[in-house]
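J.: Here is what each chain is made of, one letter per residue.
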Amino acid sequence: MTNTLKHTDFYDNEGKPAWKAWLTTTDHKRIGLLYFYSLTVFFLVGVLLGLMMRFELISPGKDLVEAQTYNGLFTLHGVIMIFLFVIPGIPAVFGNLTLPLLLGARDVAFPKLNLLSWYLYIGGAVLALSTLLVGDGPPDTGWTFYAPYSVKTGTNVSMAVLAAFILGFSSILTGLNFLTTIHRMRCHGMTWFRMPLFAWALYATSWIQLLATPVVGITLLMIVVERWLGIGLFDPVLGGDPVLYQHLFWIYSHPAVYIMILPGMGVISEIIPTFSRRRIFGYKAIAYASLAIAFIGYFVWGHHMFTSGMSGPARIIFSILTFLVAIPSAIKVFNWLATMYNGSIDHKPPMLYALGFIFLFLVGGLSGLVVGALATDVHLHDTYFVVGHFHYVMFGGTGFAFFAALHYWFPKIFGKMYNLKHATRAFWLLFTGFNILYFPMLVVGIMGMPRRYYDYLPQFQVPNVISTIGSWITTAGLIYMIVVIVKGIRHGEKASSNPWNGLTLDWQTDSPPTKENFDAIPTVTERPYEYK
Amino acid sequence: MEEHKPHIVEYLTNIYVWIALAVLTVITIWVSEFDLKLLTVAVALGVASIKATLVLMYFMHLRFDSKILTFMVLITMIVFLSLIVFTFIDYSYRA
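In order, the protein sequence lines correspond to chains F and Z.
Read left to right, the first sequence gives residues 1 to 532 (my numbering).
Read left to right, the second sequence gives residues 1 to 95 (my numbering).
Just to be clear, a hint being listed does not mean it is correct.
As the list claims (entries may be wrong) - Ranges between beta-carbon positions, derived for each pair: (1) F:Q508 x Z:E10: 47 to 53 Å; (2) F:T24 x Z:I84: 53 to 59 Å; (3) F:V134 x Z:S82: 38 to 44 Å; (4) Z:T13 x F:L362: 53 to 59 Å; (5) F:V483 x Z:R94: 54 to 60 Å; (6) Z:F59 x F:R194: 35 to 41 Å.
The set of hints was computed from the structure by calculation and includes no laboratory data.
Quick reminder that beta carbons are idealized off the backbone N, C-alpha and C, glycines included.
Isolated chain Z, as found in the complex (with noise of 0.2 Å):
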């Protein structure tokens, strides 16, 4: 039923992207020299959440594809976060 447009990212945009990631990486290393206590494993998947949206966006395509194709992507994402976030509600009020 749905038509698939192909479409071709320039070179320049991907090279941006990589720089990008490439400064996310190091930002995680730098982070974990920091005792953030709580925040640690937020500050490390946020970033890690970032990163792979880059590459969910430009180097799959995500972006240029049809919407509903990034709307599935984004309740992926939404149930698995919620999955971790009432996993970790257990975890944090435990006597």
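Just chain F, with the same shape it has in the complex (with noise of 0.2 Å):
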């Protein structure tokens, strides 16, 4: 394989109008754009949907939205949040356009089921808006669609259903996907261990899409079957089970969070050797770790269930399993910090975004424990402690792996640099307004307040008012940084093949890569981060 090829970048349409150009594309490079284009798209709206709801919590009583409303809004921030960004986020953008590059590969191993991915999803994601202008109104269930409710609501559970099946199927489609070319296209010489850690990240990650995602599928329809046809299997008038709804559905949803926080894990792993200049501690440990994290993630799905009825036996089981997970968690943080320990540490906005994912992670993982041990589950059930922590893990953790991914991989994307200093500025006002958002929900929660609630007692406000000022903070932010991409892309100086003097196969093609990636398939000799 040492075939040389026409030296074009992989924008150039090749004579063919730019719409179907993109469109019709099996460039892997280019539907990892179409990714990104989509998903920010929805992210926004996602953004749009949670400032509504903190403004509206600003004080007690209707600010903004009635109760209805409102109830609207948290399920659809949920189900856009989960399903169209946190979700498909790093492998679908980031996996799909730097994977072939680890590997040294001129594609994935079926670039149409690729773009077909990319159609579920774009199709789920029209299905899932939709619920907002037909029917009977946006879904009330909250993102998980609980039953019995989600059974009896007379708003548009179906819809909502469904567009989370197709979504499901673009996800176990990238996941075969990304699974095969890690077997069948890594470079000469790319052994297993030899492979960059992101790779190993989507690998385990792509196992969980594989074999979890059906189980939310199959659970999903029986929703729509017995909201359709009143066969009883989570309605208790029916004859069916509603823990049993629970369990199937956290089965998937659980790993799930592993899909979500795994391939974020992976890009800080990439990040962290390149700017401290040093080879990562401890390689074989952060691999296998994320397979254990993928394998332990399986049976932790109780841990959300503490409260709903399950026997002891089992909430004991799943106690002790979810504490279990922590390990292989502390082995990665560990490592990256002893990587960083005596490093040449550079503070550019990549770095910048890795450092902020550690801390948030640690804030979201440390708290997990807190809900992860039975006892003092009991009290924070469904209080806004588990909204806190839930966002310092998927936002502080997977969003900022994805900036982080975004400002790293940008100058290889996009073959331009972006203005630094901008970049390092809305990192800050994006990390400060992050804590001053999340921060006070843990505390509220302490103080008893439920989530999903509309309104709230008047001894809660403090912590309110505090957080909504936050989400403006945030939002400042996120339109910051959004606005140093943009004029990166659009007026960027020319970045070099290798800004940042990255080791991995992709930095050593063209910025951006031509459109088979390599002029000539490389042999790889080494680890890929000796930095000497």
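Please dock the two separately framed chains into a single complex, following the hints provided.
T.: As structure tokens, this is what we get:
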């Protein structure tokens, strides 16, 4: 495989109209960008809904919307952020953009299937957003669609559930594609333990996508069957069991948390050695920790159900297993810190976002142990503490990892460089706003404020006001970051092919890469982070 | 990276497997006549698992393919089995 190819970058439409060249493309980089732009739009819709919720909660009673509208707001905010942004997020965008580059391949194993995944994603997204406009209004169940309420409510649950079902297919196909790519398309010399750690993280994630997603698919269809045909599966009135729904839902949705966070951890494992100029500490431990998180993550779903009437022995077992999953997570964090020790650390924006990830993920992870313990969970279940914990992991973890990846691979994808000074300022604004927004939620949760309520008692107002002000600062940080990125894309200075002096294969080709990624398929002779 | 070696299974082997599957189906029907109480589901799933294994190993050529594929299927089965067992830990001990 040493054939020489035509030297044009992947933005070249080769004489086709631009819309046709993009909408029929099978190039993994273009598909990655299609995901990137679509995800950004849905993320901003989710942010807008979140802002409206926070504004409503600035004081007790009605401020902006009616109670029923508020129920729709938090449901759609959850559905959009979880199913349209966080789950597909890093694998669909940065996995597609970089996996073949990291492996020294020309594309993913099934390029056409890759494009189909994007179309399924768009189909599911359109269906999810249609619930706003057609039928009896958006679903008001929360993103978890808990039965029996989801079976009984007159709102547009069936359509939202079908949307999630279609989105699940997109996720499965991406997972299948990446698994096959990693097994079959690594370049010469790239053994399993010479593979970059982002590829390892995607490998572990793909297994979860492939094995866990069908469970939620069939569960959501069961809701539709119960709603349309009246077959008693989850509704006790019809002879069903509502706790069974929770089991089936969380059998997928807890591993899905690892679909969300594992690729983020992979991104951090790329950035830390590059910006510390150090060989990664404990390469094999980090790689195995990804697999361990994926594996143990299958067996902890019951911790979402400690107060749902589950049996005592089951609760004890699930609590123990939940604590076990902290071990591989901690292995990664300690190894990142050990990598930085004595390193020549460069505080460029990707590194700042990576450090932000470690701090915020630590808060999210440790607050997770509080709700993973049986006794404390009884007090904190369904309070704002859970909302705070969840956002520290999902937004502070996956969100910041997404931004880290964006700032890290930006010069590779666009061939230009954003303004480093403004990107740094945007990070600090976002990081500050984030903590003002979400830390009060942990406090007000311990005080006893329940989640998903339109109204609250007057003693909860101060933390809520602080949190709402935090939401404005966070939004300002996001807008600042987007402006920096857009300006970088349009007017940024031309970037060199390897501006961060990275050693992985993605940095050994042009920026932006050629259509076929490499002029000749490379040969790997050592591990990916051998910084001297 | 991994080379694929084609393999042709003899007709006789396929026929033996087919007979085994038919016999196991008869056993499934025969066992359903008895009240095995808690073991009912376990026996039905056990026989079905043996049948699935035969299909995977011979009809789907897992036995003749790379060992890593067998390992992957095993992991999948272990995960699936664990999901059922953990769910039933709840149901078996519920007051």
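J.: Can you tell me whether the CB distance of F59 (chain Z) to R194 (chain F) sits inside 35 to 41 Å?
T.: Given range 35 to 41 Å: holds, Cβ gap about 36 Å.
J.: So does V134 (chain F) sit 38 to 44 Å from S82 (chain Z), Cβ to Cβ?
T.: holds (41 Å)
J.: State, for the Cβ atoms of V483 (chain F) and R94 (chain Z), whether the hinted interval 54 to 60 Å holds or is violated.
T.: With a Cβ separation near 55 Å, V483 (chain F) and R94 (chain Z) satisfy 54 to 60 Å, so the hint holds.
J.: At the C-beta level, are Q508 (chain F) and E10 (chain Z) separated by a distance inside 47 to 53 Å?
T.: holds (49 Å)
J.: Do the beta carbons of T24 (chain F) and I84 (chain Z) sit within 53 to 59 Å of each other?
T.: Roughly 43 Å apart at Cβ, these two residues miss the hinted range, so it is violated.
J.: Can you let me know if the beta-carbon spacing of T13 (chain Z) and L362 (chain F) is within 53 to 59 Å?
T.: holds (56 Å)
Checked against the numbered hints given earlier, the structure breaks only hint 2 and satisfies all the rest.
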